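**Student:** The listed protein sequences correspond, in order, to chains A and E. Position 232 (the first sequence) corresponds to 232 in my numbering; numbering is contiguous. Position 61 (the second sequence) corresponds to 61 in my numbering; numbering is contiguous.
The set of hints was computed from the structure by calculation and includes no laboratory data. Each hint should be verified, as a subset may be incorrect.
One side only, chain E facing chain A, incomplete, derived with CB under 7 Å [what the hints assert, rightly or not]: (1) A8; (2) L11; (3) S16; (4) P38; (5) H40; (6) I41; (7) V47.
Note that the structure is a prediction, hence the values are computed from the model and not measured. Backbone N, C-alpha and C fix where the C-beta goes; we use that ideal spot for every residue, glycine too.
Each chain, written out:
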Amino acid sequence: MEPDPGKNQLIYFDNAATSWPKPAGMMGAMGYYNEMIGGSPGRSGHRRSLDAGRIILETREVLAELFGIDDSLRIAFTKNATEALNIALLGILHSGDHVITSSMEHNSVMRPLRFLETQGVQISVVSCSGDGRLSPEDVHAAIRPQTRLLVVTHASNVTGTIQPIAELGHIVRDHGFLFCVDAAQTAGALPIHVDEMAIDLLAFSGHKSLFGPQGTGGLYIREGIERHLRPLMMGGTGSRSEFEVQPDFMPDKYESGTPNTIGLAGLGAGVRFVLTEGVEAIRSKEEGLTERFLKGLASLKGIAVYGPPDAASRTAAVSFNIAGVSPSEAALELDERFGILCRPGLHCAPAAHRTIGTFSQGTIRFGFGYFNKDEEISFALEAIRSLAAGD
Amino acid sequence: MIEAPPYAVFLFPSVSHVLKAEKILKARGTPHKLIPVPRHISTDCGVCLRVAVEQQGLAAEALQGLVTWERMVLL
Chain A
1 MEPDPGKNQL IYFDNAATSW PKPAGMMGAM GYYNEMIGGS PGRSGHRRSL
51 DAGRIILETR EVLAELFGID DSLRIAFTKN ATEALNIALL GILHSGDHVI
101 TSSMEHNSVM RPLRFLETQG VQISVVSCSG DGRLSPEDVH AAIRPQTRLL
151 VVTHASNVTG TIQPIAELGH IVRDHGFLFC VDAAQTAGAL PIHVDEMAID
201 LLAFSGHKSL FGPQGTGGLY IREGIERHLR PLMMGGTGSR SEFEVQPDFM
251 PDKYESGTPN TIGLAGLGAG VRFVLTEGVE AIRSKEEGLT ERFLKGLASL
301 KGIAVYGPPD AASRTAAVSF NIAGVSPSEA ALELDERFGI LCRPGLHCAP
351 AAHRTIGTFS QGTIRFGFGY FNKDEEISFA LEAIRSLAAG D
Chain E
1 MIEAPPYAVF LFPSVSHVLK AEKILKARGT PHKLIPVPRH ISTDCGVCLR
51 VAVEQQGLAA EALQGLVTWE RMVLL
C-alpha cells in the first residue's frame with residue numbers, strides 16, 4: 001500500500017536532523033523516571049536521588065560499551081553535539097595554536113573555529129573532493145609545528161560522505177597532537193571505537209542514530225586531556241561543594257548544573273536498542289535503503305546527486321537536486337502533495353555546499369533511518385520523477 | 001584490647017564514582033551500602049560507600065583500576 005498524505009500517512013526522511021520514530025523503550029524509560037523516580041542525581045543521598053544517578057550511570061555505561069571506552073566516566077553529557085564540539089574547540093585551542101579541519105564541516109565546527117580565528121588561532125581548512133572526501137595525504141601536508149588539533153566530521157550531514165577516521169587518527173597520533181571527531185551523523189549508525197580509531201575527543205548527538213530524545217548528547221575525553229581542556233560552563237556539580245573552584249575531574253568538570261535526567265533516561269533506552277539490534281544490522285539496513293534510492297535516482301532524468309556514488313562510502317543522508325525546481329520548492333511539494341518530510345537548503349554547512357558546488361541554493365536532503373521501508377523509497381522515487389517531469 | 005571498627009567507608013570524588021563502585025560491588029556480590037558522608041570525616045555533602053571492615057580488602061581489590069577513590073576511613 002502506498003502512503004497517503006491525505007490520511008496523514010507521512011514518510012519521515014529527516015533522520016539526519018533528528019530520528020523518528022524512536023524505539024518504544026525510549027518513552028517508557030522517560031515515563032518511568034518521571035513517575036517513579038523524579039530525583040536530582042548527585043545532589044542528595046536519598047534513594048530517589050541515587051536512583052536518578054544510577055540511570056545516568058547506566059546511560060554512560062552503554063555508551064562506553066558502544067564506543068569501546070574503558071571508563072564510562074570519561075563521557076560528559078551535553079545537550080547536543082554542538083555543545084560537545086564547543087567544549088572541545090573552545091577549551092583546547094589558544095592563541096598561537098594551529099588547527100586543521102575539512103571543507104565538509106558543519107557550522108557546529110566552523111563557527112567556533114571562525115571565532116577562535118579572531119582570537120589568534122590559525123586555521124587550515126583542507127579542501128575535500130567534489131564528492132566530499134578528505135584525503136589523509138592532504139591533512140598530512142597541512143601539519144605544522146604549532147598544530148594542536150585535527151577536527152573532522154565522521155560523515156558529512158550534507159552528502160553522507162564517510163571520512164577515513166582511523167587513518168586520520170593514526171596520522172594525528174604519530175605527530176603527537178589531538179584528534180576530535182564530530183560523530184553527530186554516525187554515532188549508532190556506523191561502528192565507532194575510540195582506541196582503534198585513535199580518537200581523543202568524540203562529540204556525539206543523542207537524538208539522531210542513538211534514538212534518544214532531543215536535548216541529549218555528549219563528549220568523550222581521553223584520559224589526561226581534561227587537564228588542558230577548559231570547561232565551557234562552571235557551577236554546581238554536587239561534588240566538592242565545600243570549594244568555590246570547579247572540580248578538575250571527569251565528568252563533573254564539564255557537567256555543571258542539574259542534568260537532563262529524563263532525557264538521559266531516554267537516551268539510555270535508545271542506546272540499548274542500538275546495542276540489541278547491533279550497529280552492523282542497522283548499518284546494513286540503512287545502506288540497503290540508500291543503495292535502493294541511489295539506483296532509483298540514477299534511472300531518473302533531470303536529477304543531480306551529490307556525494308560518493310556507492311552506498312558503502314556514505315551514510316543514509318542523500319543530497320540531490322531536481323533540474324528546474326529549487327530545493328525549497330521541491331521540499332514543499334514533497335511535503336504537501338506526497339507527505340514526504342525532508343530538509344532543503346544549506347543544512348547549516350555552507351562550506352560543504354561550496355565543496356560540492358551547491359552554494360547558495362543548497363540541495364534537497366533525504367535522511368533515511370532504521371525504521372524506513374523499501375516501499376517508502378519506491379514511493380519517493382515516483383514522487384521525484386513526477387516533480388522532475390513537471391507533473 | 002581495642003575493639004576493631006565494624007565498618008570502613010570509601011570516599012569518592014563524586015556520586016558518579018560512588019555509583020560506578022556500587023555497580024562493581026553489586027556484580028561481585030560484595031555486601032555494601034551507600035550512606036551520606038559522615039560529617040566528622042568530610043564536609044562534602046555527598047554519599048560514600050560503606051562495607052563491613054572484613055570486606056574492605058576485597059572491596060578495594062574489586063575497585064582497583066576501575067574507579068578511583070580518594071580515601072578509605074574506618075568508622
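**Student:** Each hint needs a verdict: does it hold in this structure or not?
**Tutor:** Results of checking the hints against the structure:
1. About 18 Å separates the beta-carbon of A8 of chain E from the nearest beta-carbon of chain A, more than 7 Å, and the hint is not met.
2. Taking 7 Å as the C-beta cut-off, the interface hint given for L11 of chain E is violated, the closest approach to chain A being about 11 Å.
3. Against a cut-off of 7 Å between C-beta atoms, the interface hint on S16 of chain E holds, since the closest Cβ of chain A lies about 6 Å away.
4. Annotation: interface hint on P38 of chain E violated; nearest CB of chain A at approximately 11 Å, more than 7 Å.
5. Restraint check, H40 of chain E versus chain A: the minimum CB separation of about 14 Å is more than 7 Å; hint violated.
6. Because the smallest distance between the Cβ of I41 of chain E and any Cβ of chain A comes to about 13 Å, over 7 Å, the interface hint for this residue is violated.
7. Checking V47 of chain E against chain A by beta carbon gives a least distance of about 4 Å; that is within 7 Å, so the hint holds.
When the structure is compared with the earlier hints, violations turn up for hints 1, 2, 4, 5, 6 and for no others.
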